[in-house]
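Line by line, the protein sequences are chains A and B. Numbering (our numbering) for the first sequence: 1 to 505. Numbering (our numbering) for the second sequence: 1 to 317.
I should point out that these hints are in silico values taken from the structure, not numbers from a laboratory. Wrong hints could be hidden among the right ones.
[Claimed, not checked] Computed Cβ-Cβ distance ranges for the label pairs, DEER-style:
no., chain 1, residue 1, chain 2, residue 2, range
1, A, N99, B, E292, 39 to 47 Å
2, A, D408, B, N280, 28 to 36 Å
3, B, P243, A, D182, 54 to 62 Å
4, B, E275, A, D277, 33 to 41 Å
5, B, P313, A, H183, 23 to 31 Å
6, A, R162, B, P78, 38 to 46 Å
7, A, D277, B, N121, 33 to 41 Å
8, B, P150, A, T280, 33 to 41 Å
9, B, P150, A, D408, 23 to 31 Å
10, B, A221, A, S32, 30 to 38 Å
[Stated by the list, open to error] Each computed DSBU-like pair below joins lysine-lysine, with the alpha-carbon atoms no more than 30 Å apart:
no., chain 1, residue 1, chain 2, residue 2
11, A, K352, B, K46
12, A, K356, B, K204
13, B, K301, A, K352
14, A, K456, A, K490
15, B, K124, A, K356
16, B, K223, B, K35
17, A, K324, B, K124
18, A, K352, B, K204
19, A, K279, B, K301
20, A, K386, A, K356
21, B, K46, B, K301
22, B, K220, B, K177
23, B, K204, B, K45
[To be verified] Residues from chain B that face chain A, not an exhaustive set, calculated with beta carbons under 8 Å:
no., residue
24, Q128
25, E130
26, K196
Cβ atoms here follow ideal geometry from the backbone N, Cα and C, with glycine treated the same way.
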Amino acid sequence: MAAVDVPYHLVKACRGIIFAARGSDIHSFNSSFEHISTWKYPSAKGETQSEAQSSPAPEGPPAKRRKLEEGEEPASNGREASSANVNGQGKPKGWQDSNPALETPWIQGLYITSDGHHVVAITNSDKTIWVFEHDGAGNLKQLSQRPMPKRPCALAIMPDDRVLLSADKFGDVYALPLTPSDHLPIPSQHTLISRSVTPGTPSTTGGSTPIPRLKADETVVHTKRNLKALENQKKAALERKQPIAQDNRPQFEHALLLGHVSMLTAICVAQATSPVDGKTRTYILTGDRDEHIRVSRGALAQAHVIEGFCMGHEEFVSRLCMVKPASGQGNDVLVSGGGDDDLYSWDLVHNKLVGKAPLLPRVQEVVGEEANKLAVTRIVAQKDEKGSWVWVICERVPALFRYQLQEDSTLRHSETIKIPGNPLDVAILGTSSSTRLLVAMEPSEQGFSSLLVVEKASEGETDWKQTPVPNLPEGSAPGGVKIGAEELRKILYTTESLRKLTDFD
Amino acid sequence: MGNAKQNKQSQKNGDSAKAKRDRRQKREEYRAAMKQEGVAELPRKKFYRQRAHANPFSDHRLVYPPHPDMMDWSVLYPDYAVDEPKEDTPAPAQESSEQSVQEGQQETSPESQSQSIVSLNPRKLSKQVEVADIGCGFGGLLVALAPLMPDTLILGLEIRVSVTQFVEDRIKALRLKHKDTQAYRNVGVLRANTMKFLPNFFHKGQLTKIFICFPDPHFKARKHKQRIVSTTLNSEYAYVMRPGGVVYTITDVLDLHEWMVQHFTAHPSFERVSEEEVENDPCVGVMKTETEEGKKVERNKGNKYVALFRRLPDPEW
Ligand SMILES: C[S@@+](CC[C@H](N)C(=O)[O-])C[C@H]1O[C@@H](n2cnc3c(N)ncnc32)[C@H](O)[C@@H]1O
Numbered sequence: 001m002a003a004v005d006v007p008y009h010l011v012k013a014c015r016g017i018i019f020a021a022r023g024s025d026i027h028s029f030n031s032s033f034e035h036i037s038t039w040k041y042p043s044a045k046g047e048t049q050s051e052a053q054s055s056p057a058p059e060g061p062p063a064k065r066r067k068l069e070e071g072e073e074p075a076s077n078g079r080e081a082s083s084a085n086v087n088g089q090g091k092p093k094g095w096q097d098s099n100p101a102l103e104t105p106w107i108q109g110l111y112i113t114s115d116g117h118h119v120v121a122i123t124n125s126d127k128t129i130w131v132f133e134h135d136g137a138g139n140l141k142q143l144s145q146r147p148m149p150k151r152p153c154a155l156a157i158m159p160d161d162r163v164l165l166s167a168d169k170f171g172d173v174y175a176l177p178l179t180p181s182d183h184l185p186i187p188s189q190h191t192l193i194s195r196s197v198t199p200g201t202p203s204t205t206g207g208s209t210p211i212p213r214l215k216a217d218e219t220v221v222h223t224k225r226n227l228k229a230l231e232n233q234k235k236a237a238l239e240r241k242q243p244i245a246q247d248n249r250p251q252f253e254h255a256l257l258l259g260h261v262s263m264l265t266a267i268c269v270a271q272a273t274s275p276v277d278g279k280t281r282t283y284i285l286t287g288d289r290d291e292h293i294r295v296s297r298g299a300l301a302q303a304h305v306i307e308g309f310c311m312g313h314e315e316f317v318s319r320l321c322m323v324k325p326a327s328g329q330g331n332d333v334l335v336s337g338g339g340d341d342d343l344y345s346w347d348l349v350h351n352k353l354v355g356k357a358p359l360l361p362r363v364q365e366v367v368g369e370e371a372n373k374l375a376v377t378r379i380v381a382q383k384d385e386k387g388s389w390v391w392v393i394c395e396r397v398p399a400l401f402r403y404q405l406q407e408d409s410t411l412r413h414s415e416t417i418k419i420p421g422n423p424l425d426v427a428i429l430g431t432s433s434s435t436r437l438l439v440a441m442e443p444s445e446q447g448f449s450s451l452l453v454v455e456k457a458s459e460g461e462t463d464w465k466q467t468p469v470p471n472l473p474e475g476s477a478p479g480g481v482k483i484g485a486e487e488l489r490k491i492l493y494t495t496e497s498l499r500k501l502t503d504f505d
Numbered sequence: 001m002g003n004a005k006q007n008k009q010s011q012k013n014g015d016s017a018k019a020k021r022d023r024r025q026k027r028e029e030y031r032a033a034m035k036q037e038g039v040a041e042l043p044r045k046k047f048y049r050q051r052a053h054a055n056p057f058s059d060h061r062l063v064y065p066p067h068p069d070m071m072d073w074s075v076l077y078p079d080y081a082v083d084e085p086k087e088d089t090p091a092p093a094q095e096s097s098e099q100s101v102q103e104g105q106q107e108t109s110p111e112s113q114s115q116s117i118v119s120l121n122p123r124k125l126s127k128q129v130e131v132a133d134i135g136c137g138f139g140g141l142l143v144a145l146a147p148l149m150p151d152t153l154i155l156g157l158e159i160r161v162s163v164t165q166f167v168e169d170r171i172k173a174l175r176l177k178h179k180d181t182q183a184y185r186n187v188g189v190l191r192a193n194t195m196k197f198l199p200n201f202f203h204k205g206q207l208t209k210i211f212i213c214f215p216d217p218h219f220k221a222r223k224h225k226q227r228i229v230s231t232t233l234n235s236e237y238a239y240v241m242r243p244g245g246v247v248y249t250i251t252d253v254l255d256l257h258e259w260m261v262q263h264f265t266a267h268p269s270f271e272r273v274s275e276e277e278v279e280n281d282p283c284v285g286v287m288k289t290e291t292e293e294g295k296k297v298e299r300n301k302g303n304k305y306v307a308l309f310r311r312l313p314d315p316e317w
């Protein structure tokens with residue numbers, strides 16, 4: 001089978017510094033793509049692979065690689081077996097522990113605080129959130145490693161840069177202090193109880209271990225099913241002779257804020273001003289596989305209050321993005337996308353659909369008329385003096401789609417830029433007068449660079465210049481570590497698998 | 001999946017396969033007869049039985065509106081429609097499916113409803129649904145509440161197809177039987193997974209009462225996440241409820257009772273209703289005696305644990 005280099009699959013830019021994740025590593029570059037540093041996932045063998053400062057011990061149970069528990073995820077619909085294989089989790093067919101590319105969990109999400117002082121990453125199969133201090137010059141120092149109870153799918157950072165929100169596959173959203181030395185600004189009585197945790201008293205720091213007792217007693221039994229359950233409980237209690245109750249709550253400070261009974265796919269924090277009282281409020285937006293976008297209060301002690309739902313999607317939601325109006329006047333517009341043919345824009349305060357912008361026809365122009373569905377993988381906002389723009393990429397579609405936010409908050413397609421490979425991620429490098437994007441692409445067997453700069457050098461130009469990032473320096477250049485092309489695609493392309501099966505006809 | 005299992009069983013025992021086929025045929029004939037207009041005979045449960053559990057995390061073949069504004073309630077409560085039927089505006093109903101077909105039963109929604117409850121331009125009703133029975137089972141509570149609250153629209157929500165069909169046929173027969181008094185026009189039933197899709201059917205603050213009667217206990221700790229009450233899900237109950245509204249719970253399983261109390265009291269949008277108020281609430285008695293499960297527990301002389309929770313107003317923010 002054809003093998004390719006492990007590509008950069010996540011890119012983020014902040015104040016002239018570029019962070020790019022490749023497999024389990026995070027690299028940093030300056031804006032001329034000179035390599036600055038590498039963080040490597042700590043090797044299981046304990047040898048120091050990290051160029052960064054030695055990592056403190058993880059707080060909480062050691063990250064263990066284990067098989068997916070049966071029925072662990074709410075979206076276990078029989079097809080999950082395939083989509084659960086995100087980033088090497090659940091050992092896809094053909095998994096080889098010997099493949100060095102898959103020995104450690106891949107980075108699944110990369111985030112930077114608004115002040116640029118911290119970088120946050122999630123690794124998928126070990127469900128871990130990593131926080132790094134960033135010195136502003138591209139050097140990372142690992143501050144914490146926090147394994148979560150369920151696999152995080154997406155993160156958001158509160159506007160004050162002090163609190164992380166982790167949205168997981170089970171449907172729950174947890175708040176964590178960004179730096180573990182800090183505390184959550186939430187009184188403990190305001191945290192909810194997880195339905196996935198074995199019973200006990202709610203607490204923000206883990207608590208006493210409850211002793212299980214029989215849950216069915218003879219007086220309540222009235223069906224065959226209940227009788228059987230009681231029997232089983234007795235048997236189980238006998239078998240283990242003494243009560244065992246595992247408290248699987250993390251040992252670091254965390255609080256359950258809200259939860260969907262669905263797999264979460266996107267989370268985003270927004271601020272909007274009410275036209276009624278003129279007050280600006282913070283909202284937590286969560287998107288799920290069951291077409292919902294929930295709008296909850298962003299005052300953390302009140303995050304259990306649902307302000308509304310942005311209802312209208314008919315397929316899974318995979319991305320949420322807040323877009324600033326070009327005029328700078330008025331609230332940001334929520335743009336969402338997923339498995340639907342259109343991009344949706346929303347008035348957040350009123351939970352009202354403002355418009356839908358067709359995306360499928362644009363995709364068809366790139367990949368052919370036969371394409372009858374799409375899966376949005378990124379929506380990125382960019383604002384310059386010419387307007388407010390939204391860049392969109394879709395799974396396995398080799399193009400960047402650019403939409404312009406209109407005065408009426410709808411989106412209008414402005415152009416499609418075809419690129420030589422399937423995009424994996426996109427980051428805005430320069431705004432102001434010239435537009436400069438960095439695109440991570442699926443590598444080809446011909447071995448072109450998987451990082452591409454797309455830019456419009458000057459205002460007058462109509463064409464976009466595409467420049468592969470050349471000759472990445474030693475240690476950061478792909479090489480040595482190879483992965484089967486098909487296996488790589490299985491790891492990278494998991495969004496379409498969120499779609500539900502429809503076999504009505 | 002389900003089919004493969006069934007085939008294997010059939011091979012093992014040809015007789016039982018034939019018996020099963022016969023039974024299925026009988027059931028189909030019976031249900032077809034029930035569909036005919038003008039059947040006032042009450043449906044018989046034995047033709048509508050279905051395995052006890054439906055996984056709330058699976059996709060199923062559910063039909064639900066993408067937005068509550070696209071729900072055509074006139075299909076369930078035609079007598080409350082205030083405008084004429086509109087030209088059929090086919091709307092994109094959400095449809096999803098599960099691959100397995102269990103026990104030879106089509107996992108589709110009751111035919112009489114499935115295609116028409118979703119509309120881009122639904123007919124308007126003079127009132128909206130205000131009372132919901134979540135996991136209504138065979139509909140005993142609905143039928144008992146209907147005459148008690150004759151001016152209120154009451155809705156049963158049930159995830160199992162055949163059970164929903166039973167309740168639909170039951171309501172149809174009751175309406176016919178009580179044609180002269182116009183009774184039972186205010187109750188309806190929908191097939192729905194309430195753990196996921198309440199916001200597809202209801203607007204914010206729409207409901208004044210939610211009943212959760214004898215929910216599946218899911219004894220094992222590993223299955224607790226399937227319980228229909230949890231603090232996180234309670235946020236959705238709070239969302240569809242009006243401040244002052246009440247959630248009624250009843251169960252015969254002490255552990256589940258304690259779980260529901262714990263999860264509702266831990267949720268800042270709810271407070272437990274006092275003992276005294278509970279005693280004076282006429283709905284409590286109905287819930288104890290008129291639900292099918294309540295009757296079963298009665299026969300077995302089991303305990304019934306009742307707890308009510310009031311939706312509090314949201315704090316300023
Ligand atoms: C034990 S029965 C109780 C029925 C009825 N309330 C009574 O008291 O007689 C629980 C019912 O809840 C239904 N149910 C379970 N999960 C559900 C869900 N997510 N949405 C709708 N109904 C559900 C089951 O199918 C079952 O009919």
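Verification of the hints:
1. A:N99 with B:E292: 39 to 47 Å: At roughly 56 Å between Cβ atoms, E292 (chain B) and N99 (chain A) fall outside 39 to 47 Å, so the hint is violated.
2. A:D408 with B:N280: 28 to 36 Å: 54 Å, violated
3. B:P243 with A:D182: 54 to 62 Å: 35 Å, violated
4. B:E275 with A:D277: 33 to 41 Å: Check passed, 39 Å falls within 33 to 41 Å.
5. B:P313 with A:H183: 23 to 31 Å: 29 Å, holds
6. A:R162 with B:P78: 38 to 46 Å: 55 Å, violated
7. A:D277 with B:N121: 33 to 41 Å: 34 Å, holds
8. B:P150 with A:T280: 33 to 41 Å: Since P150 (chain B) and T280 (chain A) have Cβ atoms about 47 Å apart, the given range 33 to 41 Å is violated.
9. B:P150 with A:D408: 23 to 31 Å: Given range 23 to 31 Å: violated, Cβ gap about 47 Å.
10. B:A221 with A:S32: 30 to 38 Å: Cβ of A221 (chain B) to Cβ of S32 (chain A): about 56 Å, so the range 30 to 38 Å is violated.
11. A:K352 with B:K46: 46 Å, violated
12. A:K356 with B:K204: Cα-Cα ~24 Å, so holds.
13. B:K301 with A:K352: 52 Å, violated
14. A:K456 with A:K490: This hinted pair is violated, its Cα atoms lying about 33 Å apart.
15. B:K124 with A:K356: Since the Cα atoms of K124 (chain B) and K356 (chain A) sit roughly 26 Å apart, the hinted pair holds (cutoff 30 Å).
16. B:K223 with B:K35: Violated, at about 37 Å.
17. A:K324 with B:K124: Outside the cut-off at roughly 37 Å; violated.
18. A:K352 with B:K204: 13 Å, holds
19. A:K279 with B:K301: 57 Å, violated
20. A:K386 with A:K356: Holds: K386 (chain A) and K356 (chain A) sit about 22 Å apart, inside 30 Å.
21. B:K46 with B:K301: 24 Å, holds
22. B:K220 with B:K177: Violated: K220 (chain B) and K177 (chain B) sit about 44 Å apart, past 30 Å.
23. B:K204 with B:K45: 35 Å, violated
24. Q128: 16 Å, violated
25. E130: 19 Å, violated
26. K196: Because about 5 Å separates K196 (chain B) from the closest Cβ in chain A, which is inside the 8 Å limit, the hint holds.
Going through the hint list in order, the structure does not satisfy hints 1, 2, 3, 6, 8, 9, 10, 11, 13, 14, 16, 17, 19, 22, 23, 24, 25.
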